[in-house]
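**Student:** Here is how the chains run, residue by residue.
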Amino acid sequence: DQQVKQNSPSLSVQEGRISILNCDYTNSMFDYFLWYKKYPAEGPTFLISISSIKDKNEDGRFTVFLNKSAKHLSLHIVPSQPGDSAVYFCAASEWRGQNFVFGPGTRLSVLP
Amino acid sequence: DAGVTQSPTHLIKTRGQQVTLRCSPKSGHDTVSWYQQALGQGPQFIFQYYEEEERQRGNFPDRFSGHQFPNYSSELNVNALLLGDSALYLCASSLAGDRGSYEQYFGPGTRLTVT
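Top line first, the protein sequences correspond to chains X and R.
Under my numbering, residue 112 is the last one in the first sequence; the count climbs by one each step, no gaps.
Under my numbering, residue 115 is the last one in the second sequence; the count climbs by one each step, no gaps.
If you are wondering where the hints come from, they were derived from the structure by calculation, not from laboratory data.
Heads up, the beta-carbon is just placed ideally off N, CA and C, and yes, glycines get one too.
One or more of the hints may lead you astray.
SDA-like cross-link-like pairs, simulated, lysine to any residue; straight-line CA separation at most 20 Å [unchecked claim]:
(1) 56/X / 44/R
(2) 54/X / 79/X
(3) 71/X / 22/X
(4) 26/R / 47/X
(5) 5/X / 44/R
(6) 26/R / 46/X
(7) 5/X / 38/R
Derived coverage of chain R by chain X (criterion: at least 3 residues anywhere in the stretch with Cβ under 8 Å from a Cβ of chain X; other residues may be distant) [to be verified]:
(8) 36-43
(9) 47-60
Negatives, chain R to chain X, calculated, CB over 10 Å [claimed, not checked]:
(10) 16
(11) 19
(12) 75
Throw the hints in and build the complete structure from the sequences for me.
**Tutor:** Printed below as a string of structure tokens:
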């Protein structure tokens, strides 16, 4: 039973356009959500987070949206750059400090 | 400021053997979590150590054990290795308590291959 789902294994976007990565979860107790980016041969790198008291968090080109009623969050990257090409993981936890449950990841390719 | 470091980078073991993986947390961090990432999947939580004790544990058998030292570094031990234990093992560090953040910083991982 996958508590965090990323239904798109891969996504290709043209440079300069918007990338939208989606994540769905089943556990209504999840309170914190994070996005990580992973390049080959490196560990995941923290990108952006959101807590359940918010519905949007923005950091530069990255914005995460949370829809608690739909148990859905999305990561928007605008504008997309070739350096954004990586695997993106969505992760969730029930409370601060608890372990995170990760989705299977979405491989983003930004084409020049 | 050193980030999270892990050793070794790669490891090849035979079924039935035992393995020890090591992790040094990011400077200032006191909590270490271990994850297993199988090919094509997201990291799966194994356990978390804080104040030299296992604080949380995921759905992994007792063959997986760990330790945290007074300097906050940590070891992951796996006994009686199975072919299915082949994976990338990731260590993540964070700062516990009210001062802390839920953001975890990951190391580059140890690639374990069991033959």
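**Student:** Now tell me, hint by hint, if it's right for this structure.
**Tutor:** Cross-check of the supplied hints:
1. For the suggested pair residue 56/X and residue 44/R, the alpha carbons sit about 27 Å apart, so the restraint of at most 20 Å is broken.
2. Between residue 54/X and residue 79/X the CA atoms are separated by roughly 23 Å; this puts the pair beyond 20 Å, and the hint is violated.
3. For the suggested pair residue 71/X and residue 22/X, the alpha carbons sit about 11 Å apart, so the restraint of at most 20 Å is met.
4. For a cut-off of 20 Å, the pair hint linking residue 26/R to residue 47/X stands: about 17 Å separates their Cα positions.
5. Under the criterion of a C-alpha separation no larger than 20 Å, the hint pairing residue 5/X with residue 44/R is consistent with the structure, at around 13 Å.
6. As the CA atoms of residue 26/R and residue 46/X are separated by approximately 14 Å, the hinted pair is consistent with the 20 Å bound.
7. Taken as a hint, the residue 5/X and residue 38/R pair is honoured in the structure, with Cα atoms around 16 Å apart against an allowance of 20 Å.
8. Given a C-beta distance limit of less than 8 Å, the hint that chain X covers the region 36-43 of chain R holds, as 4 residues qualify and 3 suffice.
9. Only residues whose C-beta sits within less than 8 Å of a C-beta in chain X count toward coverage, and the region 47-60 of chain R has 3 of them, enough to reach three; the restraint holds.
10. No Cβ of chain X comes within 10 Å of the Cβ of residue 16/R; the nearest lies about 29 Å off, and the non-interface call holds.
11. With a least beta-carbon separation of about 19 Å from chain X, residue 19/R lies farther than 10 Å from that chain, consistent with its non-interface assignment.
12. Annotated as non-interface, residue 75/R keeps its C-beta farther than 10 Å from every C-beta of chain X; the closest such distance is 17 Å.
Taken one by one, the earlier hints fail for this structure at numbers 1 and 2, listed in ascending order.
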